[in-house]
Each structure stands twice: as structure tokens, then as C-alpha cells.
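Asker: Chains C and B supply the protein sequences, listed in that same order.
Just so you know, this note's numbering puts the end of the first sequence at 318, numbered straight through with nothing missing.
Just so you know, this note's numbering puts the end of the second sequence at 289, numbered straight through with nothing missing.
No lab work stands behind these hints: they were computed from the structure.
Glycine residues also receive a C-beta, built at the ideal position from the N, C-alpha and C atoms.
A couple of the hints might just be wrong.
Claimed, not checked - No more than 25 Å apart at the CA atoms, straight line, and that leaves these computed lysine to aspartate or glutamate pairs for DMTMM-like:
id, chain 1, residue 1, chain 2, residue 2
1, B, Lys139, C, Glu275
2, C, Lys7, B, Asp163
3, C, Lys124, C, Asp214
4, B, Lys139, B, Asp37
5, C, Lys123, B, Asp265
6, B, Lys236, C, Glu275
7, C, Lys70, B, Asp116
8, C, Lys249, B, Asp116
9, C, Lys249, B, Asp265
10, C, Lys229, C, Asp211
11, C, Lys124, B, Glu269
12, C, Lys28, B, Asp116
Unchecked claim - Pulled from the structure, derived: some chain B residues nowhere near chain C, Cβ distances all over 12 Å:
id, residue
13, Ala87
14, Gly105
15, Val270
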Amino acid sequence: MSNYIFKRVRSAIAVLFVVSIITFLIVKLIPGDPAQFILGTDATPQALADMRAALGLDQPWYVQYFSWLKDILHFNLGRSYIFGEQVSVLIQQRLPVTMSLTLFSMTIVVIFSVILGIISAIKKNSPVDYFSRIIMQLGSALPSFWIGMLLIVYFGLRLRAFPVSGFVPASAGWSAHIHSIVLPGTVLAIAEIGLAIRTVRTSMLGALQEDFMDMARVNGLRNRVIYFKYALRSALVAPVNVWGMQFAKLIGGTAVVETVFALPGLGRLVVVAVEQRDVVLLQGIVMFVTILVILITLAVDIGIMFINPRIRLGTQGE
Amino acid sequence: MAEKKKKKRNISFTIGAILVIIVVVIFLISLVYMPHDPNLMNLTHKFLKPGEDELYRLGTDHFGRDILSRLMFGARHVLLVGVVSVAIGAVIGFILGAAAGMLKGLPSQIIMRVMDGLISFPSILLAMMMITIIGRGTKGSIVAVALFMVPSFARLVYSLVLDNKELLFVKAAKSYGMTNRQILFKHLIPIILPRLITQFTASIGAAIIIETSLSFLGLGVQAPNASWGLMLADAKKNFLVYPYLAYAPGIAIAITVLGFNLLGDGLNEVLLNKKREKISFIKKRRTSK
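With the hints as extra help, turn the sequences into a complete structure.
Answerer: Right under this line is the structure:
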């Protein structure tokens, strides 16, 4: 068991290392001189050279890489050109928006996929089954910004049920907070929910056919116990994996929805960084989000070990 | 049951093919005929609703430009970026995946580790970094989407090569002294190709979603050129008053992506079933001898 954890952690560190090199090299390729960017076009050559030396840009690339890596490990992501603020501070300000958005939409995804997935596994080819198939196709075909605009028109303008833009922090009251993220959260959930329902359905179907299910029936256990205690637990492995992937994907994929609903989250910050070519800000956010994504995936993998006795006992996952 | 299943896969293939053909036909028509110049502004005709004017069937936008013409023109851009970027990504991914599968040891390890790294980036972030290097516009979006496609193709080809390298006739070819490259092109590509084709078709839908998202964020194709994502970004400024602006481009994107996705699903069933029959035929022959 500890062997499995050790292997997973080692491969996560390897991926983090590769990701940091890729990010560093891509950002190095971005045209433009950071010193010029900071000092403006009328800076003297001497001032530019001093600035480059101060930023460490006169060093070979691998020296720059390792000093950058060291800074990241201390959560020092540098200072943004356009905001003139530490990138880590900017991230701290925006992260709650993106986090509550993704947590809200994952809550929708998990609740609906468990309920609809189990129903469609127990009753194959029922309306719920068709609904999940249709929503999976539509969810991956309809662009989220378009769904967002439609929801704004119908629920925001016609029905006036939800605010059309802006974010209310949780500190200003939970109901107003939830109210402000219902529409964007739903948009994010629509894109993910089809896959989640299908995964729950498939693994529930698989679990219902396992030998231990027959055993449970032979022992005369009630249907409810069979479904929820035995089948569900064994069937949860694949869905938890998929939910973890979706959660990780959502954290990095909120730029579009935050733009539609004018939410001040991480996604908006990335768009600003790209528009203004703020290299330090871009590099910082990308590293932060990617590290977060890799850590979530790792946590999910280790968490699954505790639900799945087969991995825990070391017969799988080698 | 088997009968029913066969019918179902034909439905997804048929619907997908019809939708894709519709989009391709619209694209072809746009090369020879469009009702108006898609970039022609006419402020006396702005915000015409669909059906309000005979000359502007789908209405006009905030500059009085004809939405139907812009939609037709936008099909070019969507198909260009979708097909070209996936093609580039597929070729690079194929080369890397095949190299990693055929070579052993360190080179293969390095290639696949880099692919693991690339796949860990949330899609739109990697695309946005590429746009920052190359600059906004069509070229930027093509490279961004292509890079996003590389790791999934590389992983697919890598696993297929590993799976099929152990087949008897491949081993036989090796014992005759065929080089890795000859084996790859003569024996492995025919087996891998069906999977590549389905992955290619299914990826076009995802590519179009990324491209339209980039355009919507103002990081893709630049104004005044018409692209569906950009039309929705324009619509966003006025859709609270004129919601109709958002309908046509969104439906166009949905139809195109749905078409490619369904076509990919359908092809998957058709081609993979065929391949399964072939492999089981080979296996049967092997066991009977």
C-alpha cells in the first residue's frame, strides 16, 4: 500500500518537473524584453542592462530556470508587470471565486450523476438513460459561453431569477453568494454531467454483475442493502476518478464562463495576462493551476485506494 | 439485440455525416456566393431582426453587417482551423508516439514524460500560452490547438504500437531483417489507421470548441474577420437587448461540433468492428495451425 503511494507521488513529482520545464521554456519563447516592458520605451541602454541584470536575465537559461524553480517552491511567483503586485497575492484574491464556482458545479455534477447514473443502470433503456446520452452529446457540442448567454437571457432577463453578472463573496451572506454562482456553475456542470452519468451507469452495471452480488443475494440481503452497501462502493472507483479529473479540468477551464458572467476569478486574470503579455503573471498562474491540478489528481488516486480494497491489498495498480 | 445495435450505430454515423455535409456544403457555397459582403457595414440597417427584411434573412448585427453572410464566411475559418490544427497535431503526435513505441529505453521515456506533462496542462491554459508567443490570429489558434492535440495522438499511437508489436507476423517480419521503419509502414500503420481516423474525426469537434472559445475571448481570429466565436463575442455586447444576435452563431457551432462528434462515434463502431473481425480471424488461423 505504501509502495503504491510512493510510486504515485514519485510520478506526480516527475510530471511537475516536466510541466515546470515546459512552462519555463514556453514563456522564454514569448517575444519582447521584460526589462523594456517594465521601464518603457524611453529607457536608456544602461538602465535596460541594469534591469536585465537585476531580473537575472543575463544568466544562462538553466541558471534562470533553477532560481525560478526555487522561488516557486517558496510560493514566490514574482511581481506582475501590469498590476505591480505579487502574483501570489493576485492569485489569493481571485482563487475563492474560481474555487466556489468549481465546487458548486462539481456538487451538481456529483449529485445528479449518482442519482441518474444509478437509475439508468438499474433500469436500462429508460428515459433517464436516453436523457443522459443526449445530455452527454449536447454537453460536449454546445460551447459553454453560448449556454451561458442563453441562460442569462432566460433566467436573468426574462424570469429575473438570478443576477446576470458579478460575484458576491461568501462573507456577504451564503444565499446571495450561492445566488450569484448558480448560473455560471450550472453552465460548467452541463458540459461535464453527461460523462459523469455515463461513468456511474457503466460501473454500476459492472458491479451488479460481480460474483459478490450473487453472493449477497443468496445470503438474502435486501435490495437496498445490495445496491447501496455493496454495488455502490465497488462501483464508485471509476466515477471518483472521473469526478477528480473533471474538478481538475474545471479549475483551469473557467476563463470563458468567468468572461461571460463578468466574474473576477483566476480565468479572467489569465485572459488579462495574455492580452497584456504579462509574462510573469501568466507563468505564475499557469504553474499554480497546473500544480493544483496535479495535486488534486494525486489526492484522488490515493483516495480511491481507500475505497477500493483491490488496490489497497496491492493486487492492482502496480 | 445484434440487429438493434447495428441500427443504432448507423444512426449516429448517419446524423453525424449529414450535419458535417451540411456545414461543408455551406462552406463550398460561401466560396462562390454570399448574399452580402460579410464585412460590409451599413449603419442604416443595424439590428434588423431575422425575417424583418427580405434581403437580410438572419438579420444584421450592430454594424449592420449581414449575419447570414458572416455565418457562411465563418464556416471557412472554423473548418480551416479545425481540420488543419488536428492534422498537424495528429502528424506530430503520430511521429512522436511511433518513435516512442518502436524505440526503447531513454528516448521513449523522455518522449512519453513530455507528453504526460503536456496533457497535465488544463487545455485552454496551454492554448493561451501559445497565443502569447505567436500572437493573436488564425496562425496562433492553429498552433495552439495543434499543440493541444499532440499528446493524445502520441499516447494513442504509442499504446497501439506496443499492443501490436507482439503480433506474430510483426515478429516474423523482424526476424527477416526488416527495419523498424519498414515494419511501421508496412505492418503497423494498416492496423493503427482505423483508430487514428476515428480519433482524428472526434478531435475536430474538440478543436472547434477550443478555437471558438479563443475567438470568443478575443484571442483568436481578429476583427473585422468573421468567425463564429468572434460573432458571439460581438453579440455579447448587445445580446441583453437583442438576444437574437447570439442564436445563429451558437447553433452553427453546435451543429458542426455535434456533427464531427457523432461522425467520430459512428466511425469508431464501423471501423473497430471491422478490425476486431480481422484480428479474430488472424487469431483463429493462428490457433488452428
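Asker: Are the hints correct? Go through all of them and say.
Answerer: Results of checking the hints against the structure:
Between Lys139/B and Glu275/C, the direct Cα distance comes to roughly 16 Å. Compliance with the 25 Å bound is thereby established for this hinted pair. Restraint check for Lys7/C and Asp163/B: satisfied, since their Cα atoms lie roughly 24 Å apart, inside the 25 Å limit. For the proposed pair Lys124/C and Asp214/C, the alpha carbon gap of about 19 Å is at most 25 Å, so the pair holds. For the hint linking Lys139/B to Asp37/B, the alpha-carbon distance of about 24 Å falls within 25 Å, and the restraint holds.
A threshold of 25 Å between alpha carbons decides the hint, and for Lys123/C with Asp265/B the separation of about 24 Å falls inside it, so the pair holds. For the hint linking Lys236/B to Glu275/C, the alpha-carbon distance of about 18 Å falls within 25 Å, and the restraint holds. Pair hint Lys70/C plus Asp116/B holds up; C-alpha atoms about 23 Å apart against a cutoff of 25 Å. For the hint pairing Lys249/C with Asp116/B, the CA-to-CA distance comes to about 15 Å; that is within 25 Å, so the pair holds.
For the given pair, Lys249/C sits about 23 Å from Asp265/B by alpha-carbon distance, which is consistent with the 25 Å threshold. The hinted pair formed by Lys229/C and Asp211/C meets the criterion: a straight-line CA distance of about 15 Å does not exceed 25 Å. Of the supplied pair hints, the one linking Lys124/C and Glu269/B holds, its CA atoms being roughly 21 Å apart against a limit of 25 Å. Taking the CA atoms of Lys28/C and Asp116/B, the gap is near 21 Å; set against the 25 Å cutoff, the hint holds.
Chain C leaves Ala87/B outside its interface by the beta-carbon criterion, the shortest separation being 21 Å against a cut-off of 12 Å. Remark: the non-interface label on Gly105/B is consistent with the geometry, its nearest Cβ contact in chain C lying 17 Å away (cut-off 12 Å). For Val270/B, the requirement that its beta carbon stay farther than 12 Å from each beta carbon of chain C is met, with the minimum near 18 Å.
Hint violations for this structure: none, all hints satisfied.
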